[in-house]
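Asker: What follows is each chain in one-letter form.
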Amino acid sequence: MIINHPLLGPRDSAEFTYLGDASLIERPDWQAEDAADQFHDYLYLRDNPAGEHRELWFHEQGDRSWLVVTRNTLTHEITKVELARDVARSLGRSR
Amino acid sequence: MAEFSLYATPALGGYSTTHDGIALEELDGLGLISIATPLDSDAALAAALKKGFGAEIPAVGKVASSSDSKIRFLGMAPGQLFAAFEHDGPNAEGAIADKLAGAGYTTDQSDVWVGLRIAGPEVRTVLERICPLDLAPNAFAQDKVARTAMEHMAAIVFREGEDGFVLLTARSSAKSFLHALEVSIANAL
Amino acid sequence: MSTQDNRLSGGLIDRERPLRFRFNGEELQGFQGDTVASALVANGVKLVGRSFKYHRPRGILTAGSEEPNALLTIGEGAYAEPNTRATVAELYDGLSAKSQNHRGPLGFDVMAVNDFLSPFLSAGFYYKTFMWPRAFWEKLYEPIIRKSAGLGALSGEPDPSSYDKGFLHCDLLVIGAGPAGLAAARSAARAGAKVILADEDFRFGGRLNAETYEIDGRPGAVWAEDTAKALAEMENVRLMPRTTVYGAYDHGVYGALERTGDHLPDTDGKPRQVLWRIYTKRALLCAGATERPIAFGDNDRPGVMLASAVRSYANRFAATPGKRIAVFTNNDDGWRTASDLAARGVEVAAVIDPRDGSPRAEIPGASVFMGDAVAGTKGRKAIREITLASGRSLAVDCLAVSGGWNPNLQLTCHQRGKPAWNAEIAAFVPADPLPVGMSVAGAARGALSLQAALTEGQAKAEAALSDLGFKVSGEPVPASSDESFAVTPLWHVKESKRRAWVDLQNDVTVKDVKLAHQEGFLSVEHLKRYTTLGMATDQGKTANVLGLAIMAEQRGISIPEAGTTIFRPPYTPVPIGALAGRARGKDFRPYRLTPSHDWAEEQGAVFVEAGAWMRAQYFPREGETHWRQSVDREVSTTRNSVGVCDVTTLGKVDIQGRDAAEFLNRVYINGFAKLAVGKTRYGMMLREDGIAMDDGTTARLGETHYVMTTTTANAGPVFRHLEFCRQCLWPDLDVHLISTTDGWAQFAVAGPNARKLLQKVVDAEFDISNEGFPFMACGEITVCGGTPARLFRISFSGELAYEIAVPARYGDALIRVLMQAGEEFGVTPYGTEALGVMRIEKGHAAGAELCGTTTAQDLGMGRMVSKKKDCIGNTLSERPELNREDGLRLVGFRPVDKSHALKAGWHFVSKGSPTDMAHDEGWMTSVAFSPSLGHSIGLGFIKSGDTRMGEIVRAVSPATDSDIEVEIVPSHFVDPEGERLRG
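Protein chains in written order, with the numbering used here: chain E, 1 to 95; chain Z, 1001 to 1189; chain H, 2001 to 2983.
So here's chain E without its partners, still in its complex pose (with noise of 0.2 Å):
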């Protein structure tokens, strides 16, 4: 497999380590009332789809980069590949 690193073009897949889905970015708030709930479903609650999959890689052979790689998972295409740290800060989380 070949990730095309946003800043870094093609690498090979083995310089990544896989994590998960890339909604592990948005992990809940401490304080809300349902933190409990919160914390499961965003810990233990997974989509598997058949398509169009967002995941987390770490460039650990490289710039160690977190990205979030758009993978489709029947056919392996490789869509989009993303620095996560400019998809966090996308989906408002900051400090």
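Keep in mind that the hints were calculated from the coordinates and are not lab data.
Take the hints with a grain of salt, since some may be wrong.
[Claimed, not checked] Calculated pairs, DSSO-like style, for lysine-lysine (alpha carbon to alpha carbon, straight line, at most 27 Å):
(1) K1099(Z) - K1144(Z)
(2) K1070(Z) - K1050(Z)
(3) K2281(H) - K2471(H)
(4) K1051(Z) - K1144(Z)
(5) K1144(Z) - K80(E)
(6) K2943(H) - K2898(H)
(7) K1175(Z) - K2586(H)
(8) K1062(Z) - K2281(H)
(9) K2281(H) - K1144(Z)
(10) K2867(H) - K2943(H)
(11) K2679(H) - K2756(H)
(12) K2281(H) - K80(E)
(13) K2497(H) - K2418(H)
(14) K1050(Z) - K1062(Z)
(15) K1099(Z) - K80(E)
(16) K2270(H) - K1175(Z)
[Unchecked claim] Estimated spans, in silico, between C-beta atoms of each pair:
(17) D2870(H) - A1023(Z): 53 to 59 Å
(18) D41(E) - D1042(Z): 51 to 57 Å
(19) G2585(H) - G1161(Z): 34 to 40 Å
(20) T79(E) - D1042(Z): 39 to 45 Å
(21) E2824(H) - A1023(Z): 18 to 24 Å
(22) E52(E) - A2420(H): 25 to 31 Å
Built from N, CA and C at the ideal position, the CB exists for glycine as well.
Let chain E serve as the given structure and place chains Z and H on it in line with the hints.
Answerer: Structure of chains Z and H alone, referenced to chain E:
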């Protein structure tokens, strides 16, 4: 006067040999300092780098040089570069930190990595046995730097001349890394 | 020595270079340019092996990698390589080959009795027969079956050959160097693209070398040679003969096996094979096509050969497989075998073509039977006679059979491609979706004529290159002929009286396919598994289409309706040795060495692998004969005076930034916001699910500068986790991470004399007295006259202890200095064993306790979890199940009978309770012999352990029949008040 004194031991014992037209040697006196850009302070770091070294901040994967060509700045990661230069003794960090005057967070990486210089007309034939990156001259230009893994070991690669490369690898596994290079030379040439 | 009776004139062999070789001990001769198979053909050898199941005599069927029969063991002793296809094995001087799968000599195999038992050994035989009694399977049936089945055997010795791997990159990978591949590579190379041209053969040209066609007025083989020579001179081209592209992987990655040394008598220490990972922008499959046989009675007799193979042997290798040959073909191409043989002066007895109409060519001296078919053969170990459906008999010593051509589309299926039926050539052809970036040209996609191959090869290459932005030349396509491949399918000859073979490698007959149908195994996938059709080393290259066509016929449906099995990598077998590459023995993985490694080796240290690290386990001294003596001494000396241990392997992360404190506060369960500069604090991290992940100390060296340590094993995962937090969760904290693990040589100096020792080393201006540098202090100092260093007053051993770090380059010098400076105190180095003993004596948790199932609460650190702040794992650590009253607690254990040695892994059961899972109360995690106490001690988790001090429970191990009484005690066995480490 201290009772004891410490000597420095090169990780590979100052290795230097030539096999089959490939010169392979451990870099002597490598200064390697990481510089992290404080959040939202890219401009301040750029100015300090310009003022202190006459260098631009390199993009990730690119190499920039100081105006006297003595320091290479390697773009390692978003918000992180390495300064690589010749330096004897343990205080390489000062050479960079002093001129940055707080514009970047510096960490001494000189002893984290070991530098190896490998050069010769067939250098790419040797490296293709362990390096997953395309090192052909047009694919890996003079101003390029990349971090990857070779034989499961971290390696930072940049060019030195037409048929030469500098490989930085972790000090603790440097002997295994050197062995991988020796085997590659023996196998490929 | 045999005389190469069947050698013809001409051919692409070098008669100046004769080669000697042995087959089953007999000395034979061939020439440079021969394969083992062609040399055997030249020597008139027909019988080369016994079949897999029935041990029937078998001969060479093909002249390529699709060979099902001629599998030989090549090489001697440990070098012997079983199941080598003689048809692709290049002959070299001194080569030794042996036939396989027979007991006794090849000519008289006692296992051939299986053939007479064949009525009992039909498809599904094993499934039906060896079901009862059940207990017989493992002891009786399987050993016998294993012994009687199978192909060649391994030597049982380590493989003495070496292997390697590598990585290649190109714009266009051309797979196959036949006419299509050569035309493609030529065109791509001229456009300036980076081209790799790979072919499994040692000679480029593909079928051109086996045929008599002309290209641009030159013989095809000459054109191929000229084109390859021109390509070899271009810098942007890499020619890879003897290289099989065996797999098409995601995103343009291909696997290829280059046989760099298999054709040499001696590789001179170089690798025998190199496994390449090829990164391509585009790939063009020009793998050609494979001829298929027709099934008829006794069609497996040695001397029955594919028509194209007969042509290859005659034209390319100047070796005729027979002196009186008949040709049986259902297509026009088969006729070329007859004409080529006749042109070379070989007697063609007959051409039999099941199609009606007039003969397709004039073959001098041959009888022609149109509308007839071969229905049987006679002969013992070689063919002697054929019988036609019409009843005629003919004496022949070779029968060339052609049932048409199957495109070599295997690689197009390696991802999602499912072949489609092409009625015109009566074969499956590649169909979408092809692997990304791949296109197919020539015979591999069913364009069988030479002109079509050349035209398509060039056109597809140009299309791929235009796609990549190259300017293509648009030069004229080499000119050749557009010969006919017209075919009328014939799968098996119904008039056959005896068994007709479909898959020669697996001994599958037409009857077996019919039986599968009869028993309801209708789908092609079931057919394959029930009969083993298409399995083993050849993967049914000559058999598959035949088998499923017969199944379609049985079901009364069309072939496309019946469908086809698809293909997985590898295209041809890849030796395990090649997959391992150079990663064998000590080179299996890299080693990490600590800065004191050389010194420790000089001391005679015994090392242990800790992850990739080699760590000193203990340092035996003269007179110590058991490891325990060394470890006990190391512990006692440290506890009574001073010891030194290399702790460089602990992960170190340099953390800087205005928000570094806040960041630490969120990744550790305990507070870090108020840690003062010059202080160190123990910290524990949880996973988000509330389970303990890692622990260590973090030192604050400056306002915005911290150094975190992690456990040795978790250094990588923790760093990754921290980067995740930094980049994905809190992207706008000003915090920066970099690993410095390898940069510092770090030593623990522990024991009552630790300070005295260090005072001799630390430069005088730094006060390390208890007041000036109290417990948990840290600082940047200098040692030995100005060498920069870091000092941390932390203790894992429970003694007065420091960790001192210098840049790694000084590590070797520092350990020697510490030993010298400590001489007056009788200092000892200690290894991981003593380290472990002392931490157990002190009740510190380590890997066995932070095992991925335990919480801070379980570890006795529940109170550390700050409820006033957010941190990773905080919310879910509050789940009720993780906070049960009767939850596990880490406590100490000691044997009631002090002479007993405790064992890790023992489970705890209350006295009087039965020994079963329902009464399991916990388990022992770590044990040691405590030299300080003089008996065995342990740490472990037990329910409500903190409230059960003094209780006696049983520690049991049903697996080893152990059951002893242990007492629950506090986990701090030594210095429970912590006076020593603060002293």
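Asker: Now, for every hint given, state plainly whether the structure supports it.
Answerer: Here's how the hints hold up against the structure:
{"no.": "1", "hint": "K1099(Z) - K1144(Z)", "in the structure": "holds (25 Å)"}
{"no.": "2", "hint": "K1070(Z) - K1050(Z)", "in the structure": "holds (14 Å)"}
{"no.": "3", "hint": "K2281(H) - K2471(H)", "in the structure": "holds (16 Å)"}
{"no.": "4", "hint": "K1051(Z) - K1144(Z)", "in the structure": "holds (23 Å)"}
{"no.": "5", "hint": "K1144(Z) - K80(E)", "in the structure": "holds (24 Å)"}
{"no.": "6", "hint": "K2943(H) - K2898(H)", "in the structure": "holds (24 Å)"}
{"no.": "7", "hint": "K1175(Z) - K2586(H)", "in the structure": "holds (12 Å)"}
{"no.": "8", "hint": "K1062(Z) - K2281(H)", "in the structure": "holds (23 Å)"}
{"no.": "9", "hint": "K2281(H) - K1144(Z)", "in the structure": "holds (21 Å)"}
{"no.": "10", "hint": "K2867(H) - K2943(H)", "in the structure": "holds (24 Å)"}
{"no.": "11", "hint": "K2679(H) - K2756(H)", "in the structure": "holds (21 Å)"}
{"no.": "12", "hint": "K2281(H) - K80(E)", "in the structure": "holds (18 Å)"}
{"no.": "13", "hint": "K2497(H) - K2418(H)", "in the structure": "violated (36 Å)"}
{"no.": "14", "hint": "K1050(Z) - K1062(Z)", "in the structure": "holds (16 Å)"}
{"no.": "15", "hint": "K1099(Z) - K80(E)", "in the structure": "violated (40 Å)"}
{"no.": "16", "hint": "K2270(H) - K1175(Z)", "in the structure": "holds (22 Å)"}
{"no.": "17", "hint": "D2870(H) - A1023(Z): 53 to 59 Å", "in the structure": "holds (55 Å)"}
{"no.": "18", "hint": "D41(E) - D1042(Z): 51 to 57 Å", "in the structure": "violated (37 Å)"}
{"no.": "19", "hint": "G2585(H) - G1161(Z): 34 to 40 Å", "in the structure": "holds (36 Å)"}
{"no.": "20", "hint": "T79(E) - D1042(Z): 39 to 45 Å", "in the structure": "violated (30 Å)"}
{"no.": "21", "hint": "E2824(H) - A1023(Z): 18 to 24 Å", "in the structure": "violated (48 Å)"}
{"no.": "22", "hint": "E52(E) - A2420(H): 25 to 31 Å", "in the structure": "holds (28 Å)"}
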